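Next come the chains, spelled out residue by residue.
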Amino acid sequence: MTHDMDTELTPEEREAFLRLPREAAPSELLEERVVRNLRARRLLSPRRTPWRRAGQMAAGLAAALALFLGGTMLGQWRAGRTPAGAAQEPARAGAAVTASQVQQAGSAYVAALASLHAQWKPGSPEAGKSGSLTQGREAALSALRAAAGELARMDPNDPRVAAAFQALEQTPAEGAEPAAAPGSTRQILWF
Amino acid sequence: MDEIRNDDPTDAELAQRILREGDEAAFRALYRRHTGALYQFALRILGGSEMDAEDIVQETWIRAVAGLTRFRWESSFRTWLIGIGLNRVRKSLRRVRPAQQEDLERLEAELVAPDRAGRIDLEQAVRLLPDGYRAVLVLHDVEGFTHDEISRSLGITPGTSRSQLHFARRAVRRLLGAQGGQIHDARHGHRADS
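Note that the protein sequences, when read in sequence, are chains Y and P.
Under the numbering used here, the first sequence has 107 at position 81, and the numbering climbs by one with no breaks.
Under the numbering used here, the second sequence has 1564 at position 121, and the numbering climbs by one with no breaks.
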């Protein structure tokens, strides 16, 4: 330290300056203020406690698990959306799909009846004696009546539907022999 | 402020943790170790304004942490910190200009007013000095700076620093004149007999 001019400190004066306190305590809030400021400037990271680290790890695991399960469920849902599954959703299928279903069911119905007819030999002694064949024929008639009923509800003023429905309602009681003459030709008009 | 024990991490170790991890605990340790000195320095050189001194402390720490990578550890951490604090203080002080004879006369007339003489200690006398005088006196006589260091720190010539110190010491002696004409620390009951 250099002291000069006529105001050179005496040893006692120098000692008096040295006795001045070297430290003082600012307000306790200042430390928090400084730390907050440094955090805001990203010069300090938030204090991390063990429980907080464990919590963060658990939250990370839970998020990963939820992501995995969500992905799996989404994959299964998308895989399950086959054409057949979609056809079971009338609301989404639309009128075109429903009409196609009717056509397919009708074709299957006629094909089944043709197969039944091939096994039905009205002139033979076995005709009408096979329980299975009779049951098949009755099932076909019941389906035909049910179909005529649905068609009549759709359009009650259609004369063809009304005539068919009326004729089917006059069908002999269950278990009676068919009234068809041998060799006669049966026509189904609406398929 | 916290005392340093042998098993405490050094300033450099704490600084490394701050730089590497943004370690808040390391910063708090460093803060508690040095803020007392920094605050006292700012408080004294600013003339006792606690609010201004706390602002200086905050700005100093922010600049210190932001510039920690540039610190080469060629001086002690506290010296470096006080240097940053001094730069902040300088902006708060009025421009330091060369002392004039009329400055001293006006100052002495004010300081030796009857209601003040004999009732103040050295700390209070220093506090009453105008900014420029007080800054040079504190830096030279309390902190141990040379005139070259003061001139660089405050942006004045070494000659101005010398003249400011001369007038500041005379002013303090006049202020304490009623107690014997010499600077003494009234708080400790010490007095220089001459």
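Calculated from the structure, these hints are not laboratory results.
Since the model is a prediction, treat every value here as computed from it, not as a measurement.
Careful: at least some of the hints might be erroneous.
Covered, in the sense of this in silico footprint (three residues per stretch, anywhere, with C-beta under 8 Å from a C-beta of chain P), are these stretches of chain Y [to be verified]:
1) 42–50
2) 61–67
3) 123–129
Where is the CB? At the ideal position from N, CA and C, for every residue including glycine.
Checked hints:
Three residues within the 8 Å Cβ limit are the bar, and the segment 42–50 of chain Y against chain P gives 8, so the coverage statement holds. Look at the segment 61–67 of chain Y against chain P: 5 of its residues bring a Cβ nearer than 8 Å to a Cβ of that chain, three or more, so the hint holds. Only residues whose beta carbon comes within less than 8 Å of a beta carbon in chain P count, and the segment 123–129 of chain Y has 0; fewer than three means the coverage is violated.
Consistency note: the structure conflicts with earlier hint 3 alone.
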